[in-house]
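What follows is each chain in one-letter form.
There are 2 protein chains.
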Amino acid sequence: MPTPSAPHVTPSATSTPGPHDLPDVSRLVVGVLGGTGPQGRGLAYRLGRAGQQVVIGSRDAERARTAATGLDIPGVRGADNTETARDSDVVIIAVPWEGHSEQLEHLRGELAGKIVVDCVNPLGFDKQGAYALKPHEGSAAQQAALLLPDSRVTAAFHHLSAVLLLDQAVERIDTDVMVLGDDRESAATVQALAARVPGMRGIYAGRLRNAHQVESLVANLISVNRRYKAHAGLRVTDV
Amino acid sequence: MPTPSAPHVTPSATSTPGPHDLPDVSRLVVGVLGGTGPQGRGLAYRLGRAGQQVVIGSRDAERARTAATGLDIPGVRGADNTETARDSDVVIIAVPWEGHSEQLEHLRGELAGKIVVDCVNPLGFDKQGAYALKPHEGSAAQQAALLLPDSRVTAAFHHLSAVLLLDQAVERIDTDVMVLGDDRESAATVQALAARVPGMRGIYAGRLRNAHQVESLVANLISVNRRYKAHAGLRVTDV
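Just so you know, the sequences run in chain order A and B.
Quick note on numbering: the first sequence equals residues 600 to 838 in our numbering.
Quick note on numbering: the second sequence equals residues 600 to 838 in our numbering.
There's no promise every hint is true.
Unchecked claim - For lysine-lysine, the following DSS-like pairs were computed, each having C-alpha atoms within a straight-line distance of at most 30 Å:
#1 A:Lys828 <-> A:Lys726
#2 B:Lys828 <-> B:Lys726
#3 B:Lys733 <-> A:Lys733
#4 A:Lys828 <-> A:Lys733
#5 B:Lys733 <-> B:Lys828
#6 A:Lys726 <-> B:Lys733
#7 A:Lys733 <-> B:Lys726
To be verified - Just a sample of chain A residues kept apart from chain B, beta carbon distances all over 12 Å, derived:
#8 Pro673
#9 Glu704
#10 Gln767
#11 Asp773
#12 Asp775
#13 Pro797
#14 Arg826
Said to hold, decoys possible - Listed next, with one range per pair, are the computed distances between beta-carbon atoms:
#15 A:Glu704 <-> B:Lys828: 20 to 30 Å
#16 A:Ser625 <-> B:Asp766: 37 to 47 Å
#17 A:Asp766 <-> B:Thr665: 14 to 24 Å
#18 B:Thr665 <-> A:Pro695: 33 to 43 Å
#19 B:Asp773 <-> A:Pro797: 42 to 52 Å
#20 A:Gly650 <-> B:Asp837: 21 to 31 Å
#21 A:Val628 <-> B:Glu704: 56 to 66 Å
#22 B:Pro748 <-> A:Val628: 35 to 45 Å
#23 B:Val769 <-> A:Glu784: 55 to 65 Å
#24 B:Val762 <-> A:Arg662: 23 to 33 Å
#25 B:Arg658 <-> A:Gly798: 44 to 54 Å
#26 A:His735 <-> B:Glu704: 38 to 48 Å
#27 A:Gly698 <-> B:Glu704: 38 to 48 Å
In case anyone wonders, no lab produced these hints; they're calculated from the structure.
C-beta: ideal position from N, C-alpha, C; glycine also.
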């Protein structure tokens with residue numbers, strides 16, 4: 600309840616941006632490479648359900664179309680990876696870490712000029728559970744940035760539970776999405792995309808050089824899930 | 600409201616442990632090495648305010664006593680690092696990363712048999728902000744475990760804002776503490792300590808080999824704080 604006598608609480612054009620001061624992204628087409636895996640399908644489902652036009656990409660166009668049809672959301676269709684990249688404004692990379700560099704190199708031309716959102720978590724698994732792999736380039740996102748010099752690479756959507764994303768009975772995804780990027784405008788676009796999903800916020804969380812810990816924190820969330828039989832995510836407090 | 604006809608919602612001895620099923624730690628003495636810095640003083644203040652016996656440690660006993668007196672909490676006293684380690688059941692390591700290995704080696708004998716809680720974040724800073732340093736041993740916590748083979752090393756308390764911890768007007772610290780450790784009993788003790796502070800929960804978040812990303816995520820929280828003028832922390836959702 601701002602009053603003239605309390606100008607210090609009146610919002611102004613120069614006030615600190617909140618996580619909701621973001622561009623309108625409702626008309627952007629979002630592609631999801633590796634969109635037939637659980638994480639990719641989950642993201643496609645939630646963004647499509649929020650009204651976004653989404654293209655699920657796969658090396659096999661038929662598999663992509665089957666996955667899209669399975670989600671039963673009007674705005675979600677399937678295509679091969681090349682067409683997906685070409686037809687999208689924003690392209691989410693949800694491929695397995697094992698094929699990451701190869702697939703990005705292959706699509707370098709189609710991804711030029713696009714906002715790329717890497718959500719890959721390089722992890723290893725053994726008897727004691729999950730552990731972080733350290734990519735030579737520092738992180739999956741930094742590898743993407745090196746392989747795609749003409750794209751605007753960001754990193755986000757690492758800490759979401761595919762189980763919750765794909766559960767039609769779940770109305771809200773009460774989890775924050777840490778968005779990393781060296782280009783402020785691209786990061787804001789990705790934050791805005793995250794904010795399209797009810798319950799979700801896109802929180803700017805630093806430059807790509809700080810992506811490794813965000814990616815590998817998934818190993819810790821897997822430990823949390825095992826211990827508490829949960830589908831853990833993260834909220835950033837005080838924002 | 601469990602009823603005989605709904606046994607699946609009735610809590611039982613075999614149900615999944617929640618973050619509140621923890622040992623009673625109210626009689627343990629907690630030492631804080633590096634307790635004169637903001638993070639150390641903040642933790643000492645919050646634990647002392649929660650009724651814990653706390654010893655603030657410093658290389659200079661007089662500085663430690665001054666810091667303890669400044670907090671104005673009956674259960675908090677100051678001592679040199681050696682006495683602090685010797686007199687405590689649980690010892691929090693809150694020294695700067697630069698002196699970490701040296702100080703731990705020096706106190707190896709006094710820390711034998713104790714639960715050690717490493718909360719050190721190895722970070723570098725430049726014009727673009729904070730970035731993760733990668734210790735040779737993998738993380739500060741793993742370095743501690745190697746240097747203190749006779750201690751029970753855990754890692755926790757990385758993501759707390761010293762500003763909030765030290766603000767006497769702040770009643771609750773609404774942030775979760777990720778607790779890492781290879782020994783379940785030690786981790787549970789540290790989780791219980793965290794849970795002594797109103798608003799705080801101690802969440803088991805994996806083994807020490809997954810400490811690096813938890814430590815270095817502080818670089819991301821610093822970016823969050825800059826962008827949103829916040830004192831950001833984390834909550835684990837669905838637990």
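Exclusion check [Glu704 (chain A) not at the chain B interface, CB over 12 Å]: holds, 27 Å
Least C-beta distance between Pro797 (chain A) and chain B, which was stated to exceed 12 Å: holds, 14 Å
Taking 33 to 43 Å as the stated bounds, is the beta-carbon spacing between Thr665 (chain B) and Pro695 (chain A) within them? violated, 56 Å
Range hint 56 to 66 Å (beta carbons of Val628 (chain A) and Glu704 (chain B)) holds or violated: holds, 57 Å
Far enough from chain B: is every CB of that chain over 12 Å from the CB of Pro673 (chain A)? It holds; Pro673 (chain A) is separated from chain B by about 29 Å at its closest Cβ, greater than 12 Å.
Quick check: does the Cβ-Cβ distance between Asp773 (chain B) and Pro797 (chain A) fall within 42 to 52 Å? violated, 22 Å
Measuring from beta carbon to beta carbon, are Pro748 (chain B) and Val628 (chain A) in 35 to 45 Å? Hint violated: Cβ distance 56 Å, outside 35 to 45 Å.
Is the hinted pair Lys828 (chain A) and Lys726 (chain A) satisfied, with a Cα-Cα distance of at most 30 Å? Distance of about 18 Å is within 30 Å: holds.
Measuring from beta carbon to beta carbon, are Val769 (chain B) and Glu784 (chain A) in 55 to 65 Å? Violated - the Cβ-Cβ distance for Val769 (chain B) and Glu784 (chain A), about 35 Å, lies outside 55 to 65 Å.
Honestly, do Glu704 (chain A) and Lys828 (chain B) meet the 20 to 30 Å range at C-beta? violated, 40 Å
Starting from the hint 37 to 47 Å, judge whether the C-beta atoms of Ser625 (chain A) and Asp766 (chain B) obey it. Given range 37 to 47 Å: holds, Cβ gap about 40 Å.
Pairwise beta carbon distance, Gly698 (chain A) to Glu704 (chain B), judged against the given window 38 to 48 Å: The hint (38 to 48 Å, Cβ to Cβ) holds, given that Gly698 (chain A) and Glu704 (chain B) are roughly 44 Å apart.
Violated hints for the displayed structure, listed by number in ascending order: 11, 12, 14, 15, 17, 18, 19, 22, 23, 24, 26.
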